[in-house]
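Undergrad: Start counting the sequence shown at 1; every next residue gets the next number (the numbering used here).
Keep in mind the hints are simulated off the structure, nothing from the lab. Be aware that a few hints might be false.
Below are the DSS-like pairs computed for lysine-lysine, each with C-alpha atoms no more than 27 Å apart in a straight line [what the hints assert, rightly or not]:
no., residue 1, residue 2
1, K531, K453
2, K464, K453
3, K194, K514
4, K531, K514
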Amino acid sequence: MRNRLIVMALAVLMVAAGASNAAAAVRASVDRPSVDLNESFMLEVTVDTNTDLEPDLTVLEENFYVGQVSQLSNTSIFNGEIRRSRTWTIALMPKSTGVQEIPAISIGNEKSAPVRINVNEPSNAPPGEADVFVSSEVDQTETYVQAQILYRIKVYRAVATRQPALREPTISGAEVLVELAGDERSYESILNGKAYNVVERVIAIYPQESGEISISPARFEARVLRNGRITGRKVFQSDTHTVSVLPIPAPPDDYPNATWLPARDVQLSEEWSREPERINAGEPVTRRVTVSALGQIETQIPAIDPPAIDGLNIYEDKPELSRRIEAEGIRGIRKDQYAMIGVNGGDIELPELQVPWWNIDAAEWRVARLPARTITIKADTVAPVAPPAAEVSPAIAASDTTTPVLKITPDGFWQRTSQLLAAAWLLTIIAWWWSSRDNKRTPREPEQPPLYKRQARLVKTARKAAQAGDAAALRAALLEWGRLQWPDDAPRSLGALAARVADPLAGELRTLSKASYGPERSDWDRDAMVKALRSIVVLKDAAESHSSDSLPPLMPPAV
Numbered sequence: 001m002r003n004r005l006i007v008m009a010l011a012v013l014m015v016a017a018g019a020s021n022a023a024a025a026v027r028a029s030v031d032r033p034s035v036d037l038n039e040s041f042m043l044e045v046t047v048d049t050n051t052d053l054e055p056d057l058t059v060l061e062e063n064f065y066v067g068q069v070s071q072l073s074n075t076s077i078f079n080g081e082i083r084r085s086r087t088w089t090i091a092l093m094p095k096s097t098g099v100q101e102i103p104a105i106s107i108g109n110e111k112s113a114p115v116r117i118n119v120n121e122p123s124n125a126p127p128g129e130a131d132v133f134v135s136s137e138v139d140q141t142e143t144y145v146q147a148q149i150l151y152r153i154k155v156y157r158a159v160a161t162r163q164p165a166l167r168e169p170t171i172s173g174a175e176v177l178v179e180l181a182g183d184e185r186s187y188e189s190i191l192n193g194k195a196y197n198v199v200e201r202v203i204a205i206y207p208q209e210s211g212e213i214s215i216s217p218a219r220f221e222a223r224v225l226r227n228g229r230i231t232g233r234k235v236f237q238s239d240t241h242t243v244s245v246l247p248i249p250a251p252p253d254d255y256p257n258a259t260w261l262p263a264r265d266v267q268l269s270e271e272w273s274r275e276p277e278r279i280n281a282g283e284p285v286t287r288r289v290t291v292s293a294l295g296q297i298e299t300q301i302p303a304i305d306p307p308a309i310d311g312l313n314i315y316e317d318k319p320e321l322s323r324r325i326e327a328e329g330i331r332g333i334r335k336d337q338y339a340m341i342g343v344n345g346g347d348i349e350l351p352e353l354q355v356p357w358w359n360i361d362a363a364e365w366r367v368a369r370l371p372a373r374t375i376t377i378k379a380d381t382v383a384p385v386a387p388p389a390a391e392v393s394p395a396i397a398a399s400d401t402t403t404p405v406l407k408i409t410p411d412g413f414w415q416r417t418s419q420l421l422a423a424a425w426l427l428t429i430i431a432w433w434w435s436s437r438d439n440k441r442t443p444r445e446p447e448q449p450p451l452y453k454r455q456a457r458l459v460k461t462a463r464k465a466a467q468a469g470d471a472a473a474l475r476a477a478l479l480e481w482g483r484l485q486w487p488d489d490a491p492r493s494l495g496a497l498a499a500r501v502a503d504p505l506a507g508e509l510r511t512l513s514k515a516s517y518g519p520e521r522s523d524w525d526r527d528a529m530v531k532a533l534r535s536i537v538v539l540k541d542a543a544e545s546h547s548s549d550s551l552p553p554l555m556p557p558a559v
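Work the whole structure out from these sequences, hints included.
TA: Structure, rendered in structure tokens:
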């Protein structure tokens, strides 16, 4: 009998695991909607389970050069439910211009939806093909109050710089709200045959009133390293931008009280704590309604008030606000939760939910809808249990006929007192033993090796990888060395690292980067790399004081 139960339990677990894998959704997204030819970008592929399967990336090789692939597993707990996911990040560079389609990525039996990206002709460098320059752009020159404006700034560096500083632009005119739209990105770009390391940051601007806003140039200041010499401090700046802000249009006739919600896309969905089609009267069930708006922050999304329904008691919970960074900006997310308890049996219809919103691309009102649905409340057929009758104490019942006896102390007084004292003494002994046990078991944290020793070890690892021709291990060791050298602004790519070191190492790093990501996939010279790595000399005193070659944040952190 016991073996049979074990077999049945294992079968149930296998079926559940199979169902989980079958239902695992695969999603694909890019870090920005358009790139230039010879410019790399990142593709993220996410599956809603911690699977051991790998994505099929061979379908990408027809239209893209495939670079480094990294992966990350994530586990979270929400309302007692364990959620797992796994994400692959792939560096890609397009082979041709135009609208390119990233085909569906397969993981097991599941596939992602295709993703399109616009590949532009490479921009011409400024006059004189400058080694360092700054560019900026806004995604629209006319918008509406509280609608998102994406301001994108790029710092191009073909040479190493020292003491860099990026001065944030000032915004004048109408009042605005400013938010960071994701983390800083670093990638390689080739303009007119010259390789650049590009640092890109994106800011989301939300005007709070109509009128006109003016964005001053972003300024990049640095000392440039040329031919082994460091120049004086130079200033590079981007263009100025002006955006017209239109007033809020009148609400639609069907929704005269509509809340103003400008966005690029609005989605409305729901989740239930369990299947709501048939629930018992008196049993609570939780409904979670989610509104997500692309191009809007979460605090601007209106609440969805639960409708008043006869026969259904509704208790509103605190909303959950969050955001997600996508290629087209910030997607605000608001989740409203309600606990529902059916009072009587019968069918109850939940009405359709509607959220009117303004499409900033089409310049028209639209409505996101959640269809109506019917739930069945099963009447509670269990009869209430009567409380037990109170028993009459024999001592009380006989009190009328018994003569009370005078006592100095209650019955069992000394016995209970001695028991309490013994218990207190025992608890004291246990507490002392437990504290001494914890002190003995507390492990001492191992001391971390000095910084110069860790740097020297990484340089040695990089030399061995170069001798073996292992480009991946070489890249990993060098970027880790760069992270220790510049902890406040660590280089995230070989191009970024090359911009901070001198030749011959800088040249070999660019060659290795082109061999990994460039369109012609040229070979890199192992011996030349090993020789160039000898220029890295780790000194005990110098390693403890880090270089100041780091970019400060473009915008101040949110308080």
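Undergrad: Which of the listed hints are broken here?
TA: none
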